[in-house]
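Peer 1: Line by line, the protein sequences are chains A and B.
Going by this note's numbering, 3 is the number at position 3 of the first sequence; the sequence numbering is gapless.
Going by this note's numbering, 113 is the number at position 113 of the second sequence; the sequence numbering is gapless.
The hints are simulated quantities; they were obtained by calculation from the structure and are not laboratory data.
These figures come from a predicted structure and were not determined experimentally.
Be a bit skeptical, because a hint or two may be false.
As the list claims (entries may be wrong) - What the simulated footprint calls covered on chain A by chain B, stretch by stretch (three residues with Cβ under 8 Å from a Cβ of chain B suffice, anywhere in the stretch; the number is not a length):
id	region
1	14-28
2	62-74
As the list claims (entries may be wrong) - Simulated pairs of lysine-lysine, DSBU-like, Cα-Cα distance not exceeding 30 Å:
id	chain 1	residue 1	chain 2	residue 2
3	A	K110	B	K5
4	A	K106	A	K48
5	A	K106	B	K43
6	A	K48	B	K43
7	A	K95	B	K5
8	B	K64	A	K48
9	B	K43	A	K23
10	B	K64	B	K75
11	B	K5	A	K106
12	B	K81	A	K110
13	A	K42	A	K23
14	B	K81	B	K43
15	A	K23	A	K106
16	A	K23	A	K48
17	B	K43	B	K5
18	A	K95	B	K81
19	A	K110	B	K64
20	A	K23	B	K75
21	A	K110	A	K95
22	A	K106	A	K42
23	B	K81	A	K48
24	A	K42	B	K5
25	A	K95	B	K43
26	B	K75	A	K48
27	A	K42	B	K81
28	A	K48	A	K95
29	A	K95	A	K23
30	B	K43	A	K42
31	A	K23	A	K110
Even glycine gets a Cβ: it sits at the ideal position worked out from N, Cα and C.
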Amino acid sequence: DIVLTQSPALAVSLEQRATISCKTSQNVDNYGISYMHWYQQKPGQQPKLLIYEGSNLASGIPARFSGSGSGTDFTLTIDPVEADDIATYYCQQSKDYPLTFGSGTKLEIK
Amino acid sequence: QVQLKESGPGLVQPSETLSLTCTVSGFSLTSYSVSWVRQPSGKGPEWMGRMWYDGDTAYNSALKSRLSISRDTSKNQVFLKMNSLQTDDTGTYYCTRDHGWFAYWGQGTLVTVSS
């Protein structure tokens, strides 16, 4: 299985930049596409898609969110951070079965 | 608009079988795939398996021996059955529209495995 590793928590100040990392145990790129996706989850809610295929912004998601990276190293950036962004962020790969998720990074405000 | 809704029992006895239904609207099951994803409280999501738009299925190897996913396209429903439930199967179970990524999710149904 492809293992996705995320830091458990990140503390940032409002209006600053947050960079959330996801490292994979195997390359999740193929034919120029990164099979890496990002979600936001608030308590009591279902996950919400933010970014698909590495860097594509999902419908209705503000441009403050962006995704980058390739191969085994990926980053979700939130710039600037707003109070409503307090949540847990998960990465997910769809390069190989089983589809797998990271354990999540909880974004906290300093 | 696209909607998915899970239904099923909230409480299952250990060693029993879980049966869940996902009812979809706003899209056709013959055009889009649907996956089941579960999430224990306080932990990351786990992909369980997929019903492809063409009727084929794919399962997480960790669950494959216990899991079955089927569908009824005339009723716009996808079904999950998982046997031999244990306490660590407790969590919220979601159905999602599956593009490789999961853009649409149901609200989830909490399943508790307890006697």
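Peer 1: Going through the numbered hints above, which ones does this structure break? Give me the numbers in ascending order.
Peer 2: The structure breaks hints 1, 2, 3, 12, 19, 20 and 21; every other hint is satisfied.
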